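Dock chain C against the given chain A, drawing on the hints supplied.
There are 2 protein chains.
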Amino acid sequence: MSSRFLPRTFYRVVNCSENIKGRGCPIQLSPKSLNRYQFPRAMANVSGRERKLLTMDNLNPCVKSMEYVLSGPLVTRAAAIEKELEQGAKKPFKEVINAVTGDRQAMGQPPITFTRQVLALVSYPELIKYSNFPDDVKERATFLLTGCSGGSTGSYSEASGVEIVRRRVAEFIEERDGFSSNWQDIILCAGASTGIKAVLKLLDCETSGLKTGVMVPIPHYPLFPAVIAEFNNMQQMNYYLDESNGWAISIKELKRALNDTKGTCKPRALVVVNPGNPTGQVLTKNTIREIINFAYEEGLFLIADEVHQQNIYDNNSEFHSFKKVLMEMGLPYSKMELASFMSSSKGYMGECGMRGGYAEVINLQSGVKAMYLKSISANLCSTVLGQIAMDCVVKPPEPGGSSYKLFVREKNSILKMLTENAKIAVNAFNSIEGMSCNAVQGAVYAFPQIYLPSNAIETAKQKQMHPDEYYASQLLENAGISIVPGSGFGQKDGTYHFRTTILLPSAKLKAMLQILRKFHEDFLKKQQ
Amino acid sequence: MSSRFLPRTFYRVVNCSENIKGRGCPIQLSPKSLNRYQFPRAMANVSGRERKLLTMDNLNPCVKSMEYVLSGPLVTRAAAIEKELEQGAKKPFKEVINAVTGDRQAMGQPPITFTRQVLALVSYPELIKYSNFPDDVKERATFLLTGCSGGSTGSYSEASGVEIVRRRVAEFIEERDGFSSNWQDIILCAGASTGIKAVLKLLDCETSGLKTGVMVPIPHYPLFPAVIAEFNNMQQMNYYLDESNGWAISIKELKRALNDTKGTCKPRALVVVNPGNPTGQVLTKNTIREIINFAYEEGLFLIADEVHQQNIYDNNSEFHSFKKVLMEMGLPYSKMELASFMSSSKGYMGECGMRGGYAEVINLQSGVKAMYLKSISANLCSTVLGQIAMDCVVKPPEPGGSSYKLFVREKNSILKMLTENAKIAVNAFNSIEGMSCNAVQGAVYAFPQIYLPSNAIETAKQKQMHPDEYYASQLLENAGISIVPGSGFGQKDGTYHFRTTILLPSAKLKAMLQILRKFHEDFLKKQQ
Chain A
18 MSSRFLPRTF YRVVNCSENI KGRGCPIQLS PKSLNRYQFP RAMANVSGRE RKLLTMDNLN
78 PCVKSMEYVL SGPLVTRAAA IEKELEQGAK KPFKEVINAV TGDRQAMGQP PITFTRQVLA
138 LVSYPELIKY SNFPDDVKER ATFLLTGCSG GSTGSYSEAS GVEIVRRRVA EFIEERDGFS
198 SNWQDIILCA GASTGIKAVL KLLDCETSGL KTGVMVPIPH YPLFPAVIAE FNNMQQMNYY
258 LDESNGWAIS IKELKRALND TKGTCKPRAL VVVNPGNPTG QVLTKNTIRE IINFAYEEGL
318 FLIADEVHQQ NIYDNNSEFH SFKKVLMEMG LPYSKMELAS FMSSSKGYMG ECGMRGGYAE
378 VINLQSGVKA MYLKSISANL CSTVLGQIAM DCVVKPPEPG GSSYKLFVRE KNSILKMLTE
438 NAKIAVNAFN SIEGMSCNAV QGAVYAFPQI YLPSNAIETA KQKQMHPDEY YASQLLENAG
498 ISIVPGSGFG QKDGTYHFRT TILLPSAKLK AMLQILRKFH EDFLKKQQ
Chain C
18 MSSRFLPRTF YRVVNCSENI KGRGCPIQLS PKSLNRYQFP RAMANVSGRE RKLLTMDNLN
78 PCVKSMEYVL SGPLVTRAAA IEKELEQGAK KPFKEVINAV TGDRQAMGQP PITFTRQVLA
138 LVSYPELIKY SNFPDDVKER ATFLLTGCSG GSTGSYSEAS GVEIVRRRVA EFIEERDGFS
198 SNWQDIILCA GASTGIKAVL KLLDCETSGL KTGVMVPIPH YPLFPAVIAE FNNMQQMNYY
258 LDESNGWAIS IKELKRALND TKGTCKPRAL VVVNPGNPTG QVLTKNTIRE IINFAYEEGL
318 FLIADEVHQQ NIYDNNSEFH SFKKVLMEMG LPYSKMELAS FMSSSKGYMG ECGMRGGYAE
378 VINLQSGVKA MYLKSISANL CSTVLGQIAM DCVVKPPEPG GSSYKLFVRE KNSILKMLTE
438 NAKIAVNAFN SIEGMSCNAV QGAVYAFPQI YLPSNAIETA KQKQMHPDEY YASQLLENAG
498 ISIVPGSGFG QKDGTYHFRT TILLPSAKLK AMLQILRKFH EDFLKKQQ
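Which chain is which? The protein sequence lines are A and C, in order.
When you line the first sequence up against the working numbering, it's residues 18 to 545, in that order.
When you line the second sequence up against the working numbering, it's residues 18 to 545, in that order.
Note that these hints are calculated values from the structure, not bench results.
Note that the structure is a prediction, hence the values are computed from the model and not measured.
Be aware that a few hints might be false.
[Claimed, not checked] Short derived list, chain C residues pointing at chain A, Cβ under 8 angstroms:
1) V80
2) P151
3) T211
4) G403
[Unchecked claim] Away from chain C, derived, C-beta distances all over 10 angstroms, residues of chain A:
5) T281
6) N380
7) L493
We put the beta carbon where it would ideally sit given N, CA and C, even for glycine.
The shape of chain A in the complex, shown without the other chains (with noise of 0.2 angstroms):
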């Protein structure tokens, strides 16, 4: 943020001792007490002044084990770096291109503006009489406030969320799929994350003495190792997604991780990431299939993440929902268990900061699914604004509506700077020497993999950094561009990648493509 907008306050060196106002100021204590306060028995052998009571000894080690690339030391240091050149810092670049998020409203892309009218309506209702915003935008308003307890979106809704949004989720995914969904089965969450986190909570459990397996990609997108780790009685078995075939799934594959891991911990789900992320590809029907198959035969609850859904660009690849095709398959697929998660922030809406979301959970046993519900019951209720921004996510603008043509205009115009964003990031990185890149058939990333020569690794290792790390923190330091390193996402031993956003706007990308060409020729000289 640019620090012209600061008040001066917000400068004040902060001093937790200081009594800023001259109030307050410490109690005068009687010798009794003061005997009392200065003698304590916990006091014995510690100084209080150092004493800590949380230590790094002490800490939950699940959260010191715990590991998120998103949030990581090069993500920071991006940040400080932009600080510096707001504070006039001379560097041999002049902004840091941040194409670290999927965070499309980050990288200055307008909303669409169907759900901010609806949310500014449903926000201050005033709005619905006296003004004169599209009548389709009144009328969601007006539908949505109704399903809001006292008629506001600033009461609690149930814990899965408002009702009527939760039946127009299962109504999108009847249009989807052309199988009913029933609303009883979705749970408005705060985003996918803490959707997944809830469903990968019931299976944290110890089963005759072995931790559950959760089968993972890799690559995969962080937040799966990250849950996984805050678990106790969780293991992360990860299956290879086979980047020389597109970054398809192969059951070869995934029998080779359920073997390798046989009697390490007890697998008991399989996450699929549909369209992948990092890896951009899109899962034919036919691999859905086997992939089911698989899970049923080696009894894996299934978790697909399918929140990258509506970013399909590849003419020839179609976006297949788990749930769909389970149903396609009949008896006894179509008696699985499976959750699918769905999120309003990676769509073409791109509302990251609303945390919309919502799961699919279907054919729980009942008891599990009266569990289910009972724990995420002390969280109260996911943002409500978020339910609503979810609502218009599953149903935009209708024909012959107000917001229609506006609204086709924009989605068309965000997914076909996509489309086109995703062949500039492929062709360019397959241009590049050293470089390769899979085509990106949908999501929002490309995840090319780099050449890196072998003293350029040694050079990683004395600085004890991932030799993709390395690269990425040298294209921070001397280009200004923040990706993230493969490292981050898991990679087959031996091979470098990094991740990149395709949301710039295409000028941008178009830049930052160039800046990196240059870059990665200088690095590569550099090394000989």
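Using the frame of chain A, we list chain C on its own:
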């Protein structure tokens, strides 16, 4: 929600195997694949229709044991009765009066205009340019947008929240306490609940073979036992509030609780709720000082739930934050680790659905602080609009601003009503035979004790219900009043209570108390 707003499709009987659009019919399988699909290994001895992977036997045991009364069977039953009434069912009452939650707006009370206007403008910034909202609303919205990535509330904030909002929270605390607050100690969270969970999680650790003991008041806000139960290595230690002394906390009782659990766990944290929920007491500065000294002597991490700090009704009571008293006491106390929590839900603002809240966590060891920030980062961030609601709580309109007069009028009328309601409720309960209630000095609940005759207790036992749960269910079924039985908050054995909110509009509260009086008298008669 009234059913008349639902499209007919909402009523379609949902059947997961039904193919509602004739599309996506089951795939045709070749004999070979049929063979493969029909005799999967794991299927040898089980029927696919019946098989469940996630059962009550292999479900996370912490999820099973966790209880949360505010979403318990009575709350579910109340909602069901509401629907029955909507559908024309005949009952001895015309409506269900919901006195369960501390949710101002669910009770039909209007929000603070300023907050909602700001939310509308940051949701749809066009309104800043082209509308005649008050200047200070426009200025606030403009300022807050400068703190959001890409100038939009639709982008992620840092996991700890939007920096300028965190800085404003720190200024609010400085104003409140007269001691400085470091904005980097402020974590914005989705309501206090998620903040409390994130801090307790740090303490979820087995030390020298013992679980972490967390001291919790009885009666308590049910979130605490619910969260503690979810952690594998945490044990609840109960200390009782003194009902005969206005629900006061005595050091003698804290010591008793500590001694009684010696050897069963490692006491590491002390939870204090001030003002009290469900008990409504406000701690004196002297009591807080004694509690701090106790925590210091016993080496307990202080956790202060202070979400009701802006709801004080008793002229002789004043809110003192633990942070302030800690600082007043000076060294070594001013270096103690403390986490205190605030929310946008519970004050006169009452914006529950927005999910705004903050944690101020002071004096953490730097390494631990880093781990804390890392551990919340995988959730990306709390809702940005909720953070903005929090900004309006800590920085309401200022004198001279165009929204100031209206804000003061709205705020005062709410607090005036709550002050009256607190008296109305307490007086009513104390005037009903077989009921007694301590003064409600703060917060938004009354927690009367009810006398239950022995045969009522007997009947309850036969129905395998807590006696006050039985009383609450009778009150709901026969009088349509929905309250929460005391057993859900914990209480001394042999005593019975219930919690009612005082947030109902005064007229409705009076009506409810009339009905309740009549029900109670009849109930006692019936039992004789």
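- prompt: Which earlier hints can't be squared with this structure?
  reply: 2, 6
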